[in-house]
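Line by line, the protein sequences give chains X and R. Counting with our numbering, you get residues 1 to 592 for the letters of the first sequence. Counting with our numbering, you get residues 1001 to 1592 for the letters of the second sequence.
Hints may contain errors.
Sample of chain R residues lacking proximity to chain X, with all beta carbon distances greater than 10 Å (derived) [said to hold, decoys possible]:
1. 1081
2. 1085
3. 1141
4. 1379
5. 1586
Interface residues of chain R toward chain X, partial, derived using beta-carbon atoms under 8 Å [as the list claims (entries may be wrong)]:
6. 1016
7. 1181
8. 1185
9. 1256
10. 1258
11. 1328
12. 1455
13. 1519
14. 1583
Subject to a maximum C-alpha distance of 27 Å in a straight line, what follows is the list of computed DSS-like cross-link-like pairs (lysine-lysine) [unchecked claim]:
15. R:1335 - X:509
16. X:144 - X:45
17. R:1222 - X:335
If you are wondering where the hints come from, they were derived from the structure by calculation, not from laboratory data. Even for Gly, the Cβ is constructed at its ideal location relative to N, Cα and C.
There are 2 protein chains.
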Amino acid sequence: MNPLIDDRLAELLFRSLRLGDLADLPAFADHDPETFRLYVDACRKVGRQVLWPTYPTTDAEPPTLQDGRVTLHPETLRGFEHVRELGVIAATRPEAVGGQQLPLAVATLAHAYLMAGNLSTAGLAWLTTGAAHLIEAFGEDALKATFLAPMMSGRWTGTMALTEPHAGSSLGDLTTSATDAGDGSYRIRGAKIFISGGDHDASENVVHLVLARIEGAPDGVKGISLFAVPQRRPAAFGPNAADGPLEPNDVHVAGLIHKIGWRALPSLALSFGDEDDCRGWLIGAPHRGLPQMFQMMNEARIGVGVTAAATASVAYHEALAYARDRTQGRALGAKGGDQVAIIEHPDVRRMLLRMKAIVDGSLALSVATARFSDLAANGPEAERDRAHAILDLLTPITKSFPAEFGYEANVLAVQIHGGYGYSSEYVPEALLRDQKLNSIHEGTTQIQALDLLGRKVVAGGGAALRALNETIEAAIADARKASVDEAIIAPLEAALGEVGKLTMELGMKGAGGDLDGMLGHGVDYLTLFSIVVIAWQHLCLATTARSEDSDFHRGLVQSARYWAATELPRVALLAERCRVDRSYLELDPSWL
Amino acid sequence: MNPLIDDRLAELLFRSLRLGDLADLPAFADHDPETFRLYVDACRKVGRQVLWPTYPTTDAEPPTLQDGRVTLHPETLRGFEHVRELGVIAATRPEAVGGQQLPLAVATLAHAYLMAGNLSTAGLAWLTTGAAHLIEAFGEDALKATFLAPMMSGRWTGTMALTEPHAGSSLGDLTTSATDAGDGSYRIRGAKIFISGGDHDASENVVHLVLARIEGAPDGVKGISLFAVPQRRPAAFGPNAADGPLEPNDVHVAGLIHKIGWRALPSLALSFGDEDDCRGWLIGAPHRGLPQMFQMMNEARIGVGVTAAATASVAYHEALAYARDRTQGRALGAKGGDQVAIIEHPDVRRMLLRMKAIVDGSLALSVATARFSDLAANGPEAERDRAHAILDLLTPITKSFPAEFGYEANVLAVQIHGGYGYSSEYVPEALLRDQKLNSIHEGTTQIQALDLLGRKVVAGGGAALRALNETIEAAIADARKASVDEAIIAPLEAALGEVGKLTMELGMKGAGGDLDGMLGHGVDYLTLFSIVVIAWQHLCLATTARSEDSDFHRGLVQSARYWAATELPRVALLAERCRVDRSYLELDPSWL
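For reference, chain X alone in the conformation it holds in the complex (with noise of 0.2 Å):
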């Protein structure tokens, strides 16, 4: 049985992140080092027994549009029930509002197993969480006394729903309107597309949180306000308005879009206000839906890295043991004899050690950014512009690395699998179309890489960089006193180095007004700058395990020392392609 996640990992970033001192934080005072592991137990739980099991049925049977109205997947309606019950969607919120107020850091290592099991069924938790944190950091008392409680529980759920047809990455050029009409809401028109969880029958109503623009707005992003737009709007706001009538609000599916992963979760094309009777209310000041949509995208962005992480991780495991169990071939220069199991032979083995250092450094970035997310949010005060402005830079690379990466480990545990893994008898092709949406998005790798070098690293004048090279030096300085190996060591202080170096080159093309000389190659700056975090990430596991004389622990570090070896030497090589090839900088695009 895939366990999806390690439990020695999950166990050793307790440790190593020091996840059980958050307990000494004012907002987590009523937590303890233990209810954190039985949190993280329950989810495990879940995952493992109630959700894998139903992965490779709902992912073959997808959800079915008929008369306007979306049907999920029985299983994903019993596997969502469960979810539900373990608080999921309001884990990390505060009690007043029906939350467990669990650490990001502690509900993101436990959610890992949750979307490993299935990431359409923990999805539409995930999604109803960011919908309604929004709602709950900016909206009236009224919407909050409306909304909230049933989005909490999940009688509710709740969709982002930016995306239009023409504007996807661009969000400053959405068209979708809302007209004042005059009662405390507003009339909403216009079309929206890729919702996920959009319509079906998991929840009694969704709540759509809609970007669009009050008439007479400003152009562009400036001009954007955030909506609460129920499918169904209840009679009356209040504390019982669930329980009271709920009536059509005029949002409509227009189309299902046919995705290639996450196949359990319906995407819908929506039309809002067909009939001009579509009603939505406003969430905090007009025009400030961007700002507002964008203080909750660090953790929209956790979320997807920590997913791509349990997507890779379960594929490792498939590989596996499939490698363990599957008999092929010989050594290298054997005659005759029996056929060895495929881990025996060299290739398959770096196969699964390059998987396994990218899902455990992809995991541990995960834990470690929700972390600074928690002291950015609940530190000591002294601690939280430090911790927000390393959250800030983290960010971009943990929604990026564990996607971009991820897909290669499960490009490989295809590959391991040989013909079976072509085929949809075994499960790591599903996994790999599942993988390939984390690029895509909540922003794509692009846009990550412009957040990256275009923003985060130059905010403030370097000093979430100069913050984040301080802690990861600190880590450095540890490792060495637990006399960490120095090969882990030495190219990791090397290439930090040469990323400062780097910066700063790219920041002055950038001041002297070569903006595309700047951040032409910002995917490549993205990538060396992941490859030098996730070095750091591998140190920080070596280091805790290190007095541990166990077989787990002799593999972290002939991963930190593959990762050393095979990844740190890359970072010279592409900061030198940042600054000297501007190959396709000069292309015209009639060339191609």
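Please build the complex by placing chain R on the supplied structure of chain X, with the hints as guidance.
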């Protein structure tokens, strides 16, 4: 409309590889450059106008299995009729067996259009070519008289039935048995899996080329024999067998494999001799099955290479058209104004240029390798050995580079399409699924790596590598004479030297008994070798196009520059990894 393959590139390859000159060889004396071009034109037309329009439908509606028989999509049947009529199956075979006696290089270029159009439909012909060619090369006259004519015309089709459930890459472990029936035939018993085209309704009969073990044969690869096992056997052998009655030959469909790509071409589990009445006819001498099969393997692997190039090419052209058409966002630093086509964004151009470099390099390499095959078989006597050595060396690279890097190109096509790329309403995801097979079938990438480093470069004391070196050095001299940009030439020269040096070092390790140390990084070696070979191909294209003043030429030069700046620097890095990294060689499987 997707051009599938860039005609300007096809034309340039004609010139760059001097394909027309092949008509001067006695074997191709009935041809001239014009008839070569006519064949390419004819295939282009069928690929574009007949096959490509059928691709989405035949992918979406795969063959069905009912009552033990497989039914293809009607569009596949219609497409196959056109492919048959082109004479594709026997295109390279002699006129004596009904062929057109075209050079493999010309056929490879032409067939790129067909595989690009619909690889499942064209694949039926491709498989038949391989099977018929084996009978032609090794079969006795009676077998040839019976099977060749209907197979070469496509009235009967063929398969390669090698793989068994527990013997995929390790053919020496197959257990299908053959017992002399005393009447010139053998009774065949066994199970085969992943047999593409193993049953269908596009032909009157399917002839399986089956590897099996004659009773009492030696163990391992030295005891494998090759048999022709028709699905239905002719009552009498001879030239008119196909017109006479055919009776069932106890070959049964045991299952239809749900492949993730090439979905219109059924892949089957077959059982032979359930009722002990399956007859097969020995091809060539007993126990010579594997060497015979491998004599055809170069062609099959070049076929995989050009198919992978074609699949990446289609995706490239989809992405290019989309990037020109789709508007989203604005130039870096721009304030306001209309959205621009995404091709204006540097990172989209990066992805497109990378795809182009991979596609052009893959197609050029496939045709170039096929040309060495022509020279090895039909060139001037004095040149044959040398051509054969280079062919042997290039074959594993041609098999694996387009598959592995082509896959990356296919991933980029999905990424460029954004959210739309993640849906099956757009074609890139289907091409991505198709592409993945190419790193698995006809010998995985791992097998190619062992073939290159463990066999090809060390054969004859390194003679092949010396011959290839001289060829590349000659191309470098030509490029210098033509004043090609030194930024393209110098890094290739350096990387070529690195390959020679590394090969010597690894060979020494092997000679010293450290087989793991020599071969453990085989895939890295294969990758770096491939990067150099592709740089050589780009150099040849850039040299030939040098005199042209066209956008197409500028694009080629820019691809070559990109490759030199981005990929060639990886060679030294990968070489160092081959030399020093032992992370996974020293990895105990229990640490994972």
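- Which of the listed hints are broken here? 5, 6, 7, 8, 9, 12 and 16
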